[in-house]
Structures are given as structure tokens and as C-alpha cells.
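Residue numbers (my numbering), protein chains in the order written: chain A, 1 to 812; chain F, 1 to 812.
Heads up, a few of these hints could be off.
All copies of an identical chain are treated as equivalent in the list; a pair is satisfied when it fits inside any one copy or across any two copies.
Calculated lysine-lysine pairs in the DSBU-like style (CA-CA distance at most 30 Å, straight line) [said to hold, decoys possible]: (1) 759 / 154; (2) 321 / 188; (3) 321 / 296; (4) 188 / 71; (5) 644 / 355; (6) 613 / 520; (7) 796 / 355; (8) 811 / 495; (9) 644 / 444; (10) 154 / 6; (11) 572 / 613; (12) 71 / 624.
Don't read these hints as lab results, they were simulated from the structure.
2 protein chains.
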Amino acid sequence: MRLDKKAIYPVQEWDITEQSFERENNYRNETTFSLSNGYIGTRGTFEEAYPFDIDTGLEGNFVNGFYESEKIRYGEANFGSPLFSQSLLNLPNLKETRLYLDGEEFDMEQGTVEDYQRVLHMKEGILSRELVWHSPRGKKVKIKIKRLVSFEIKNIMAVCYEVTPVNFSGDIRFVSRLQADVENHTRKTNPIVDYGPFGRKLEPLQLFGGGNRLYYKGMTQNSRLVAACGSSHRIFTEASGVEVPGIEAPGVEASDAEALNVEIPDVEVPDVEAWTESGELDAALTLQMSGCEGRKIVLEKMICYTTSLDMREDELEGFVKKTLDTADRLGYRELEQAQKRYMQGFWDVADIEIKGEDSRALQQGIRFNLFHILQSAGRDGRTGMGAKGLSGEGYEGHYFWDTEIYVLPVFVYTEPGVARNLLDYRYHMLDQARARARILGHEKGALYPWRTINGEEASTYYPLGTAQYHINADIAYALSLYLQVTGDVEYLKEKGAEILIETARVWADVGHFAENKGGKYCICCVTGPDEYNVLVDNNFYTNLMARENLRDAAAAVRYLSEKDPESFGELKERLAFSEDELELWERIIENMYFPYDEERGVYPLDDGFMTRKPWDESRIPEEKRAWLYENYHPLFIMRHRMSKQADAILGMYLHSNLFGEELRRNYDFYQEVTLHHSSLSTCIFGIVACDIGYYDEAYRYFAESARMDLDDHHNNFYAGIHAANMAGTWQAIVNGFAGVRCQNSKLRFKPWLPKSWEKYSFQLRYRDNLLRVKVTKDSAEFVLEEGESIRFCVNKTEVSIDEKGGKHIEKI
Amino acid sequence: MRLDKKAIYPVQEWDITEQSFERENNYRNETTFSLSNGYIGTRGTFEEAYPFDIDTGLEGNFVNGFYESEKIRYGEANFGSPLFSQSLLNLPNLKETRLYLDGEEFDMEQGTVEDYQRVLHMKEGILSRELVWHSPRGKKVKIKIKRLVSFEIKNIMAVCYEVTPVNFSGDIRFVSRLQADVENHTRKTNPIVDYGPFGRKLEPLQLFGGGNRLYYKGMTQNSRLVAACGSSHRIFTEASGVEVPGIEAPGVEASDAEALNVEIPDVEVPDVEAWTESGELDAALTLQMSGCEGRKIVLEKMICYTTSLDMREDELEGFVKKTLDTADRLGYRELEQAQKRYMQGFWDVADIEIKGEDSRALQQGIRFNLFHILQSAGRDGRTGMGAKGLSGEGYEGHYFWDTEIYVLPVFVYTEPGVARNLLDYRYHMLDQARARARILGHEKGALYPWRTINGEEASTYYPLGTAQYHINADIAYALSLYLQVTGDVEYLKEKGAEILIETARVWADVGHFAENKGGKYCICCVTGPDEYNVLVDNNFYTNLMARENLRDAAAAVRYLSEKDPESFGELKERLAFSEDELELWERIIENMYFPYDEERGVYPLDDGFMTRKPWDESRIPEEKRAWLYENYHPLFIMRHRMSKQADAILGMYLHSNLFGEELRRNYDFYQEVTLHHSSLSTCIFGIVACDIGYYDEAYRYFAESARMDLDDHHNNFYAGIHAANMAGTWQAIVNGFAGVRCQNSKLRFKPWLPKSWEKYSFQLRYRDNLLRVKVTKDSAEFVLEEGESIRFCVNKTEVSIDEKGGKHIEKI
């Protein structure tokens with residue numbers, strides 16, 4: 001972990017705790033405490049709905065895939081420049097719940113707050129806040145609020161708001177609001193773009209309150225998508241004098257019993273007066289009752305979101321109603337139980353435990369990262385995963401290659417179903433990618449967009465956008481890894497082969513066998529992962545990944561031709577695929593060109609890399625060093641020999657089986673020239689450092705990655721998480737320290753233990769197995785927790801475990 | 001000339017004639033008949049102010065250097081992206097003059113038009129229109145209108161409008177309008193940009209009519225520049241029954257005699273009733289009188305434009321008044337005489353005469369081109385020359401390198417004063433160029449903007465804009481040529497040295513001695529002239545021109561250090577110039593890197609050129625071939641091995657003394673890969689073709705260039721002239737056929753006569769001499785028309801002529 005960064009939150013193994021509310025940390029903490037289930041995302045804002053300005057906070061509620069478009073203006077547009085933007089749209093807020101004690105409004109910035117703590121319970125997937133408040137007029141009240149975004153029902157967020165008057169009896173009033181006058185903070189969260197959505201973009205179609213419910217339906221101005229949301233409310237109280245553990249049952253005394261449509265069981269409920277009001281852009285439900293000193297009152301609030309991406313517009317209202325009914329029936333406690341069960345299942349497989357010096361802080365960092373990764377991934381096959389998940393508006397909520405190269409491998413080994421869902425999203429976007437390939441001049445194949453929500457290219461600056469053709473190979477890589485690790489042949493047949501063939505076709509068209517490079521296959525004018533070396537020829541990473549994309553596609557074609565000629569014949573016909581293409585692919589695979597520096601024995605980043613001007617950091621004022629694009633013209637950056645992030649090195653990691661002792665030379669070379677100005681860089685260097693035995697460095701890189709977001713190293717956590725780096729931390733341990741690779745359908749380990757640690761352990765799913773791995777000072781222990789038989793390789797040892805519970809211990 | 005293109009206008013030696021008015025040709029013809037003096041530019045629109053739509057016409061009146069700014073929006077802005085646009089602004093129109101015959105309005109689209117002809121008199125610098133009109137009600141009238149934009153008084157445009165009732169006597173009424181509700185046609189004339197000025201951008205500050213005058217003053221909304229303009233009107237008539245040759249005298253019977261402030265001399269003037277009206281954005285002067293059958297009535301109208309770029313805002317009104325007074329005093333005829341004298345002087349030196357097959361059409365093309373070049377150049381030292389002169393709104397009226405590489409050499413040899421004025425403009429913009437160099441990360445020196453009006457970069461797309469660093473060397477080249485041809489040492493001292501040093505400094509910083517290229521000096525990530533090969537390393541043209549820029553700068557430093565150490569010492573101090581810099585320059589000059597293809601023995605366009613994918617034109621549908629950027633993504637274009645225009649070849653022409661027999665190999669190579677999609681290409685290939693004896697090709701290229709605009713080869717002449725190609729035609733003959741070069745301060749010729757020609761002749765100014773050159777089948781004849789002594793070289797012969805009128809004949 002970075003020694004110059006103090007831990008922002010107390011070091012705890014499973015929790016993240018905020019010990020006091022401070023306005024200046026609010027914006028960042030909203031991201032820390034954001035909750036999501038891959039469908040709904042909500043920032044860690046407060047029920048009191050404090051009026052933060054654009055620099056101090058952002059109420060944010062998002063639905064994965066739900067975006068607004070704006071016409072993009074360019075200084076000078078190019079053919080193929082996207083004409084419409086896509087921005088994850090900030091949706092109406094239903095969390096707002098104000099509390100009044102005899103008319104005095106609960107406000108943490110008035111009166112006094114005692115015993116405050118807000119906790120992200122990562123183990124349970126729940127956010128809680130507890131405090132004691134002394135009102136300016138002397139009332140004292142205990143407040144506890146819990147919130148979850150349900151993994152059980154993707155459309156549901158649930159809140160449980162408990163109030164206990166400590167030194168008074170009197171009126172207790174909740175005002176729960178649906179606030180639809182919301183807008184994105186584009187200028188702040190994505191300052192580099194100059195298009196909307198500015199201002200409110202949802203036009204209300206319906207907005208009303210009735211009984212214990214609030215409901216809203218609205219349409220975006222340009223993308224014409226419809227969002228619907230609603231909330232349901234129930235109040236109950238402790239039986240007098242008797243402590244009620246948790247929430248017993250629903251209960252509300254509504255002014256309009258029919259509208260409620262809730263069964264009111266035979267439990268103690270307070271007398272509640274309830275009424276609704278609605279304006280043009282908001283609606284409120286007021287719930288008023290008498291509170292007794294020492295007696296807890298509980299408000300259970302269920303919030304539902306859905307959109308026209310999932311159903312017809314006329315079904316939305318009924319769906320919201322039905323889903324709220326279901327949630328009400330389950331009640332908060334049941335949802336919380338379900339949440340805990342889900343999380344338990346996740347951690348059982350995905351958790352990495354470490355022991356040793358520093359380990360508690362690192363442990364916390366790892367879990368924080370895994371927790372947010374889990375939260376971020378779309379899991380309905382129609383949505384992907386934003387570079388910032390659903391935790392904020394950064395990068396406009398776009399999906400990038402981060403998903404496939406950084407995040408997906410984590411799910412492949414821990415939650416392969418989620419990995420498949422993410423691949424499904426890409427499969428469903430093939431038609432848009434085909435259209436994009438035509439725009440780029442390719443007569444066949446598909447070219448995935450560099451950044452997107454709806455499958456169309458949304459990058460407005462092609463040198464750092466569309467030119468990153470490697471996205472195609474990145475997707476193919478993740479798919480191939482998924483297939484190798486899961487052995488899911490059905491997926492290959494149904495969807496995988498089509499993705500592999502269509503991506504490969506673009507590689508077979510974009511380059512050519514260049515005479516001046518000995519007839520080798522060259523790919524000109526692309527941008528690799530490294531965003532400081534732009535529009536280059538023969539980017540090493542791109543050429544490598546392209547070749548492997550072609551190789552995987554060719555293998556798929558051969559495999560399916562043999563194993564399932566009939567159904568594959570249909571695919572071939574549908575894609576007008578000819579054997580000539582396969583021949584061309586083979587020639588390319590055989591003859592791919594790679595830039596090589598004879599003298600140093602390294603692969604330069606691209607053809608021009610060694611010719612660029614050496615970077616002289618001393619000429620860059622310190623405050624500008626990490627912000628080159630903000631302070632220097634792109635031409636200045638591009639003419640210098642330096643690298644923003646792992647690029648060639650990343651390729652050598654992903655296909656490490658193809659590299660031998662030159663890896664160290666390359667690492668040394670790139671170590672010198674890489675500035676690590678991307679959050680996607682250090683974790684990869686750490687992994688390769690392990691490969692070549694640079695363990696100290698590996699550990700340093702890992703520690704840097706592990707708490708990058710938790711300690712806000714990049715000072716921009718307010719805009720959302722850095723999902724790629726978060727997943728990179730998992731990879732740094734599993735693929736780095738433990739040396740896990742699955743290449744040529746072979747699982748292998750090369751375990752190493754950092755010297756300050758006693759041990760670490762993790763699980764991997766591989767085919768139908770679950771393998772537990774524990775690495776200690778002297779040995780690596782492998783236990784087959786699920787499944788009957790597994791084969792793998794540890795260092796040079798071939799291992800097979802052939803019964804459930806079987807174990808192998810390898811000295812290291 | 002292109003055989004597939006029929007001449008649009010009759011082939012005439014000195015005139016361009018439109019024989020009928022056709023709406024569908026109007027927009028193009030407005031450019032053909034545009035007039036300018038390098039300060040005011042006015043399109044060839046009609047006095048009747050027909051209401052053309054955005055596809056058929058554009059009333060356009062411009063003042064060089066007068067622009068409006070708009071905030072530019074980018075999909076994604078970069079550091080250093082210009083934030084404000086500059087657009088040559090369309091100014092209020094004062095040409096409008098409607099004619100009413102007994103209330104019937106003259107309109108060429110009503111009634112019948114006979115004997116129509118509109119003629120651009122290139123010899124005289126005047127535009128005339130003559131016709132006989134039969135009104136729908138049967139009136140017959142002869143109309144003759146002449147127009148000039150004065151080379152004598154830069155602020156004056158003059159119109160002489162003659163009306164002769166043929167078959168009636170009755171009321172004749174002129175309504176002369178000042179129309180300030182004007183706007184640019186940005187969407188049409190520059191479709192590629194997506195910023196303003198959209199809509200009217202001038203806010204009126206003053207607008208009134210009084211006496212025989214109309215006056216307007218207005219300020220732009222954003223650039224806050226103020227334009228003022230006015231018109232003055234006088235009527236006279238033939239003495240009854242007596243033909244008056246031309247215009248005798250001023251005359252008007254005004255309603256407000258004092259406001260006129262015009263002396264009314266003792267000549268026959270008609271009884272004229274005059275009154276003015278003004279609205280918010282227009283003002284009109286009506287002049288009504290009785291017309292007699294057969295008796296000509298003449299309206300003389302003087303129009304004046306000036307702006308706050310030339311004086312304080314409070315001086316504008318007085319200046320317009322005074323200038324109109326002066327113009328009135330001179331009268332149209334005197335201004336016309338002055339115009340003819342000026343033009344005579346120009347043609348005496350600049351004209352190229354040719355005799356032979358095809359020669360009349362080519363002759364017309366050459367003169368058309370020279371005429372527009374002459375019109376286009378700013379000559380006040382504060383203005384440059386737009387790529388489209390002042391003939392239209394194309395390219396937003398921006399100045400590019402076209403001026404220095406294509407146009408300036410023509411003036412250097414024919415009107416060196418104008419050449420100096422254009423260099424002065426660059427000198428005055430040095431501070432802006434210094435600021436720009438800092439933006440690009442250069443601690444010293446000046447980097448000229450790729451496109452500009454006010455000296456700041458206005459290119460919104462840096463790969464085709466700011467990346468064209470060669471602009472620096474282009475300016476230095478033109479300066480150096482000026483110095484060599486004129487021998488103007490004073491200019492070197494006062495301004496030239498500063499330009500050379502400041503431009504050179506950027507070259508000395510942008511590159512480095514690259515280890516992997518044998519320690520040679522490499523320049524990465526620039527765009528050469530070729531706009532299809534973008535952001536390349538070691539562009540041949542750029543490296544060559546940069547080296548020569550450095551060489552010229554070093555030579556200037558050494559020369560002035562020796563000849564004028566004192567004043568040069570001051571400059572060195574002001575620029576903080578050190579001897580170390582000179583040493584570095586010398587090292588770079590010695591070690592400049594050039595890409596070289598050993599096998600072919602040619603200089604590729606850049607390091608990556610030979611690696612790109614061969615261009616397969618057959619894959620490009622014919623209708624898209626000439627419009628690649630409109631139909632293909634930049635990445636598609638950039639990844640292919642082909643060239644838009646002369647690039648390396650241009651460098652080899654400009655510095656032909658440095659190349660030997662490899663020139664032919666290079667020509668052959670580039671001939672294959674060049675698409676000539678720029679109007680700046682063919683003229684250069686033609687010149688180099690002469691150098692290497694490819695005479696047929698040279699002639700074909702020349703013919704292509706000569707009538708490119710006159711026959712609208714690019715179908716976009718409506719948006720304005722292609723000034724560079726126009727000047728390129730002159731170069732094609734003088735530098736091409738006659739092989740003129742001035743390198744190392746040595747003038748040389750290598751004359752050749754196209755085989756279908758009998759002869760051609762032209763003049764050159766060289767130092768204090770004027771040399772007439774005539775090339776015939778067997779010989780080249782040189783006559784020293786002015787000056788006492790000249791030395792030059794013809795092929796391998798050293799020639800000197802040592803008396804005025806002296807002659808040398810060289811057999812060829």
C-alpha cells in the first residue's frame with residue numbers, strides 16, 4: 001500500500017466505517033458507500049437529501065443500460081464520428097425520507113450528533129447508519145437506517161429506518177419523497193466531454209402518490225427510453241415495552257386502504273395518519289404518528305425501478321406495483337436475509353484471505369474491491385459493466401475493454417454465470433458491431449465500439465477511441481478464457497463461435513503482408529491500450545492479441561466443423577463464411593509481424609516507439625506530472641518515448657505461455673518508460689513481476705492497487721470506482737502471487753508467498769470443480785471442494801485430484 | 001486542360017464573359033465575377049439582390065482580417081484545442097440598387113432580357129454588365145452597370161449604373177439599400193465544421209440615411225470588432241441629345257443639401273427627388289427623376305468599408321465620410337482610370353503570354369488565375385491571404401501555408417512589395433506564434449498556426465491542423481526566397497532574422513538525435529502536407545524543410561553577426577539567443593534523418609509509409625473516389641499506402657538543388673501512389689516532371705491546373721477560388737517550363753517549350769532588375785528591361801547582361 005497515503009477509513013476486515021459526517025468528504029464517500037446489484041445503482045447519499053453543490057455531492061440513482069443521448073458537436077466532425085452521445089442517466093431519487101420530531105427536522109448539520117457511524121457491511125451487502133441526535137430544541141433520538149440493493153430481486157432497493165425517541169414523547173413524522181427533478185453532473189464527473197446530458201432529461205409521463213405508494217414514469221427527451229419507479233412504505237412499532245428483534249411484519253394505517261392493496265396482518269401497528277401530495281416533478285408521502293419515549297418506530301420502504309428496456313411501456317406500471325407487492329410481502333428482514341445468503345455464496349468462492357504483516361489493511365482493500373466488482377456487473381445478458389460500475393457518472397457510465405480484460409477473468413474463475421452474462425451482452429451487440437465495421441471500411445466482420453452503452457460507438461475522439469481496435473481481441477480473449485475455464489462447449493456453439501469469427505474477420509482485413517517487413521502481416525494506424533502512443537503502426541499488444549483472436553477463431557471453426565458440422569454449417573451459411581478465410585487466417589497467424597529491437601532484445605511498443613524523443617520528467621512541473629492530457633497538447637505527449645500504462649507487458653501477461661526469458665528484458669525496458677498514469681497499469685506490472693521473480697516490485701505494485709480506491713489515490717473517487725484496477729487486485733494475487741494461468745485449456749499454478757505474509761488462500765472454479773488453494777511459506781495446498789476430478793500443474797508438477805475433498809500439497 | 005471538361009465561358013484572351021443569366025450557375029458565377037483589392041472583397045452578385053437560397057447564391061462582402069468568433073464545442077477537447085473560432089464575416093451589403101421604371105421593378109427573371117453580357121475585364125480590373133430589358137408591361141430599357149473594387153483607395157468599391165429608356169419616357173427610380181441583415185452560409189461553404197457564425201453576428205451601433213448617403217456601424221457579438229460602411233450617390237444625365245462620353249461630373253438634387261456636403265458643379269443634372277428611410281437593419285436611399293426616351297441616366301455609387309482593426313472606433317464615421325468625399329471628388333471615371341493604370345502596371349510585369357495550339361484557352365486560364373491572385377493578397381502588412389482570397393466564405397476565410405508556398409513566390413518575382421506585405425503579416429503575428437509554441441510544449445521559439453486570421457490557431461482538428469508543423473518552415477522558405485530574389489538586407493535585419501530564428505528554435509526542440517536511427521535527428525508525430533498520412537514520424541518534406549529553415553536561420557545569424565553586430569546584438573538579447581543554439585542547429589543540419597527505401601532508392605513519405613496497406617481503388621465506388629474524408633473514416637484512409645497530394649515531391653521541387661538523378665525515381669514512385677485529391681498537387685508534379693524531362697506529363701498537369709477553377713473541376717468553386725492552384729499555374733510555367741529557380745541566391749533557368757506552342761514569354765523582377773524572358777522553339781531570349789546588370793544561369797551557361805535593354809539569346 002502506498003506509504004504516503006494514510007488509510008481514510010479505519011482498517012477493518014469486513015467493514016468500511018465512516019466515523020463522522022464531514023461535508024468535505026461527502027462526495028468521495030458517496031462512492032465508497034454506493035450500493036448496486038448490477039442493475040440498480042445508488043450512491044451513498046443520505047435520506048435527509050442535503051443540498052450539496054456540484055463540488056460536494058451528487059445524488060445518483062442509475063439503472064444499468066438506461067441512457068440519454070445528446071447530439072454531439074465537433075469542432076470538425078469526421079466520417080463515422082458518433083453523432084449522438086450515450087450517458088448513463090441519473091434517475092429520480094426515492095431514497096429521500098425526512099424525519100420530523102414534533103415539527104423539528106432531523107438534520108445532521110443542526111443540533112448535535114453523537115455515536116455516529118456509517119458502515120458498509122461488505123460481508124452482508126448492507127449499508128447501515130447509526131447515530132444519536134440532539135435536536136436544537138433538546139430532543140434526543142436514536143436513529144438507525146439500513147439500506148440494501150437486492151441481489152434477489154434486481155428491481156428492488158430496500159430501506160429500513162428506525163427511530164427511537166430517547167427523552168421525549170411526541171409527534172413523529174416521516175416525509176418520503178419521490179424527487180424527479182434530477183440531472184447529471186456532467187461538467188464535474190466527465191469534464192473532458194462537452195456534450196450533455198445537461199439539465200433534466202426525463203419528461204414525466206405519470207407521477208402520483210396514493211395510499212402508501214409513490215409512482216413515477218418518465219421518458220428521456222432524445223433516446224426515448226421510459227423509466228418507471230415507485231416506492232412502498234410500511235410503519236410498525238415495537239410492541240409496548242417489548243423489544244422486537246428486527247422487523248416483524250408489515251403495517252400501516254393508511255388513509256386509503258384499497259389503494260394500499262396490502263394485507264394487514266394481526267400485529268401491533270401504530271396509529272398512522274398518511275397523506276400524499278404531488279407536484280409536477282415530485283410527490284411526497286407523509287406518515288405521521290405519535291412516538292413514545294423509548295419505543296422504536298420503524299419505517300420499511302421498498303423502492304422499485306424498471307425501464308422500457310425490459311418490457312413494453314404499458315407494462316411498466318403493473319410491473320412496479322407487482323414487484324413492490326412482492327417486496328412488501330417479503331419485508332425488509334427477509335430481503336436482508338436473502339442478501340446475506342447471496343453474499344455468503346459469493347464470498348465463499350471469491351474471497352481471498354491473507355494473513356501477515358499489513359494484511360488487515362490489504363485484506364480490507366481486497367474485499368472492498370471485490371465487493372464493488374460484484375456490485376457492478378450487469379447480470380441480465382442485456383447489460384455490460386461500466387468502467388465505474390453504477391457507482392457514479394464518470395466516463396458517462398460507458399462500458400470499455402476494462403470489463404473483458406480486467407473484470408471478466410475474476411468472474412470466470414468465481415462466478416462463471418456472471419461472466420457468461422457479460423459475454424451475452426457483447427453477443428447481443430454483434431449487429432451494431434457489424435455496422436461499425438462497415439463504417440470503418442471492413443466489408444466483413446464486426447468491430448466492437450471502444451466505449452458504449454447501447455452497442456454503438458460513443459467515443460468522440462477516435463485517436464483514443466475507435467482506433468483502439470484491440471477491443472475486438474480483448475472480447476475474444478475473455479470469451480476464450482471463459483470457454484477454457486468452464487469448458488462450456490454449448491456456449492461456443494450458440495454464441496461464442498460467432499463472436500470469434502466476426503472479430504477475426506476484421507483482423508484479417510485491417511492489415512496486409514507488407515513487403516518492406518519481409519512479407520509479415522502488419523497492422524497500421526491503431527491505438528493500443530497505451531493512450532500516450534496514439535495512431536501507431538504495429539502496436540505489439542494489438543498484433544499479438546489479433547493473432548490470438550485469429551487463432552481462437554480458426555480453432556473454433558475447425559472444432560465445430562468436426563464436432564457439430566450440421567449446426568456449424570448453418571452458422572457458416574448465415575455468416576457467408578468460406579474456407580478461403582480460414583486459409584488467410586492461417587497465413588496471418590504464421591506471419592504476424594512484431595516490432596523488435598535487436599540491440600535490446602525487446603519488443604518496442606510499436607514501430608515508431610524507439611524513434612520518439614526520450615521523456616525528460618524534469619521538464620514537467622510536479623503538479624502536472626500525473627495529468628498530462630490536462631496540461632499538454634496531445635502532440636507533445638505523442639512525440640515522446642514513454643508509456644502511460646501496461647501495453648506490450650499486458651499482452652505478455654495474457655499470453656505468457658508464448659514468452660520465455662525475454663520477458664525479463666521487456667519488463668525491465670517497460671519499467672523504465674512506463675508512467676503508470678492509468679489505474680489499469682500497476683496491477684499488470686505486479687503480475688509480470690511475479691512471473692520473472694521480481695517479488696519486491698510485485699508486492700509494491702500489488703499494494704498500490706489494493707487500496708487505490710479505498711484511499712483515493714487518484715483523487716477522483718467521487719466520480720466512481722475504478723473497476724478495472726479493483727479486479728486487477730484479485731488478479732494480482734491469483735494470477736500474480738499464485739501464478740494462475742489457463743492457457744491451451746490447461747490450468748497451472750506457480751505459487752509464491754510475499755515474505756511478510758504467513759499465508760493466503762482463495763478458491764477457483766474450474767470446469768465443474770471448486771478448488772481451494774492455500775499458499776504458505778513452504779507449501780501450496782490444493783483441496784477439491786466441489787467436483788470429482790481435476791487436473792492442473794504446479795510449477796513443473798502435473799497434479800490430479802480425483803475425489804471430492806481430495807488434497808494435494810506441493811512444496812514451494 | 002482537361003479534355004472531359006468543356007469550357008464554361010467563351011474562350012477569350014482577357015475577358016470572362018457570362019452570356020446569359022441562369023439561376024443554376026449563379027452560385028459558381030458569383031465567385032468567377034468576384035472582385036477584390038486584397039482588402040474589400042465582394043462576390044459577383046447582382047444589384048437587384050435576387051433572393052437566392054443557400055444552394056444557389058450568397059451575397060458576400062468581406063473585409064480582410066475582419067472576423068467573428070464563436071465558442072467551439074468539441075466531442076472531446078484536448079489541451080490546446082482552440083476555444084474560439086475565427087470566421088471571415090459577411091458584412092452589410094451596399095451594392096443593392098433596385099431600378100423602377102414607372103413603378104415596374106427591373107428583374108431579369110421577369111419580362112425579357114436581350115443582349116445580355118456580363119464581363120470580367122481582367123485587363124482593366126472591372127466587372128461590367130450590359131443588357132436590354134423588356135418589362136412585362138412593354139417598356140424597353142438599356143442597362144449598363146460597371147463595378148470596381150479600387151486598388152487606388154483600399155476602402156472603396158465603386159459602381160456606375162447607366163439606364164437608357166429606349167421606348168418610353170417616365171419616372172425612373174433607383175432605390176439603393178444598405179442591408180445589414182446578413183449572415184454567413186457556414187453550413188454550405190464549410191460543411192465540415194460545426195461552429196458558427198450562424199445567423200447575423202453584427203449588432204448595429206449606428207444606421208442612418210441622410211442626403212445622398214447611407215451609413216452603418218456595427219459590432220460583432222463575440223470578437224468585438226467594429227465595422228463601418230457607407231455609400232454615397234450621385235446622379236447625372238446626358239446633356240439632352242448629346243452623347244456624353246463616360247461620366248462627366250457629380251450631380252444630385254438632394255432633399256437635404258447640407259447633409260450632402262458635395263460641391264455641385266455647373267453641369268447638367270436632372271431634377272432628382274431623394275429621400276432616405278431606415279429600419280433597424282437596413283436603410284434605403286430613393287432617387288427619383290423623370291427619364292426621357294433615349295436619354296441616359298447615370299447613378300454613380302461609392303461604397304466605403306473600414307473597421308476598428310485600422311483605427312479607433314470613434315474615428316470610423318469620420319473616416320467613412322472623408323473617404324466617400326474623396327471618392328466622390330474623383331468620380332467613377334477617375335477611379336476607373338486609376339484602376340486601369342494599376343492593372344496595366346501589374347500585367348506589364350506579371351503577365352505570361354503564350355502562343356500555340358490550345359493557347360487561347362490556357363492563356364485565359366492563366367490570366368484568370370493571376371487576376372484572382374492579385375485580388376486576393378492582403379497588402380497592408382496586417383492581413384494575409386485566405387486560401388480562397390476574399391471571394392467567398394470557404395475555409396472560413398482562413399490563411400494557410402498556401403500563401404507562402406504557392407502564392408508568395410509569384411509576388412516575389414512580380415510584385416515584391418506585396419510579397420513583403422504578406423511577410424509583414426507573419427512578422428506581426430510572431431507573438432501569437434510564440435504563445436502557441438508554449439502551448440505545444442516548446443520553451444523557446446514560435447510555432448505558426450495552421451489556419452488563422454488573427455494569428456491564433458483556428459484549426460479544430462489537430463491531426464490535420466496543428467500537427468502540420470511544416471507551416472513554420474514554409475514561412476521561412478518564402479521569406480528566404482524573398483530575401484534571395486530581392487536582396488532586401490534591410491528586411492532581414494528588421495524582421496526576417498527574427499522570424500527565421502524563432503521558427504528554427506521549434507525545429508531544434510521538437511525532435512531529437514535518435515539512437516535507433518544512427519543518432520540522426522528525427523521528428524515524430526507531425527503531419528506533412530499530405531492530409532491522408534497523418535501524425536507520422538519523419539515526414540520527408542517536414543524534415544527537409546525544417547533542416548533548410550535551420551540552415552537559413554543559422555546563415556542569418558552568422559551574416560548579421562558579422563555585418564551588423566550591434567543591431568543584431570540587440571535582437572539576440574531580446575530573444576535571449578545563445579551561441580549554443582547555433583551549435584545545436586549545426587548538428588541538426590548535419591544529421592537530419594530522412595526515411596529511405598534502399599530497394600527502390602526513394603524517399604518514402606515518412607517512416608511508416610511503406611508499411612501501410614496498398615491502396616485498392618477498385619474497392620472504392622467511383623462516386624466516392626474524390627471524396628475520401630466525406631465517405632471513409634480517417635483510420636481507413638490513414639492505414640492505406642497512398643498520398644493525397646504532392647508532399648515529398650514538393651520538397652524536392654523547392655530544394656531541387658539538393659537532388660540529382662534520384663528525383664526521377666522518386667517522381668515515378670509518387671506518381672503511382674498520389675491521388676491528387678488536393679488542388680495543390682498537380683501544379684507541383686508538373687514542375688518536377690519538367691525537371692526530369694517528363695514533358696508530356698508536365699504539360700498535362702499544367703493544363704489541368706490552368707483552368708481548374710475557370711472550368712470548376714472540383715465542383716466547389718461557389719465557395720471561393722483555389723488560390724494556391726491559381727498561383728501554381730504561374731509556377732508551372734515559370735518554375736516548370738522555364739525551369740526558374742533561385743537557390744543559394746543564384747537565379748537559373750532551364751527553359752523548355754511545350755511542343756504544341758510557338759512561344760511563351762514572361763517577366764521577372766530580380767534584385768533591381770526586370771528581366772523579360774521569351775522562350776521559342778530553339779531559343780530562350782533574355783532582355784534586361786529595367787536595371788543595369790544581372791547575372792543568371794541558363795542550363796549550364798553563366799549569363800550576365802550589363803546594360804539596360806541588353807539581351808542574351810540561348811539556344812535550347
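Hints versus structure:
With identical chains, the CA atoms of residue 759 and residue 154 are never at most 30 Å apart, being 37 Å at best within one copy and 87 Å at best between copies. For the identical chains of this complex, residue 321 and residue 188 are neighbours neither inside a copy (36 Å) nor across copies (53 Å), given an alpha-carbon limit of 30 Å. Taking CA atoms no more than 30 Å apart as the test, residue 321 paired with residue 296 passes inside one copy only; the shortest distance there is 28 Å, against 88 Å between copies. Taking CA atoms no more than 30 Å apart as the test, residue 188 paired with residue 71 passes in both settings, with 19 Å inside one copy and 20 Å between copies.
Taking the closest pair of Cα atoms, residue 644 and residue 355 never come within 30 Å of each other, the shortest separation being 33 Å inside a single copy and 64 Å across copies. Taking the shortest Cα distances, residue 613 and residue 520 sit within 30 Å of each other both inside one copy (27 Å) and across copies (12 Å). In this assembly of identical chains, residue 796 and residue 355 lie within 30 Å of each other by CA distance solely inside one copy; the values are 27 Å within and 88 Å between copies. For a Cα distance limit of 30 Å, the shortest separation of residue 811 from residue 495 qualifies neither inside one copy, at 42 Å, nor across copies, at 79 Å.
Taking the shortest alpha-carbon separations for residue 644 and residue 444, only the inter-copy value of 26 Å comes in at or below 30 Å, while the best intra-copy value is 33 Å. Taking the shortest alpha-carbon separations for residue 154 and residue 6, neither the intra-copy value of 36 Å nor the inter-copy value of 71 Å comes in at or below 30 Å. Taking the closest pair of Cα atoms, residue 572 and residue 613 come within 30 Å of each other only across two copies (28 Å); inside a single copy the shortest separation is 48 Å, beyond that limit. For a Cα distance limit of 30 Å, the shortest separation of residue 71 from residue 624 across copies, 26 Å, qualifies, whereas the shortest one inside one copy, 32 Å, does not.
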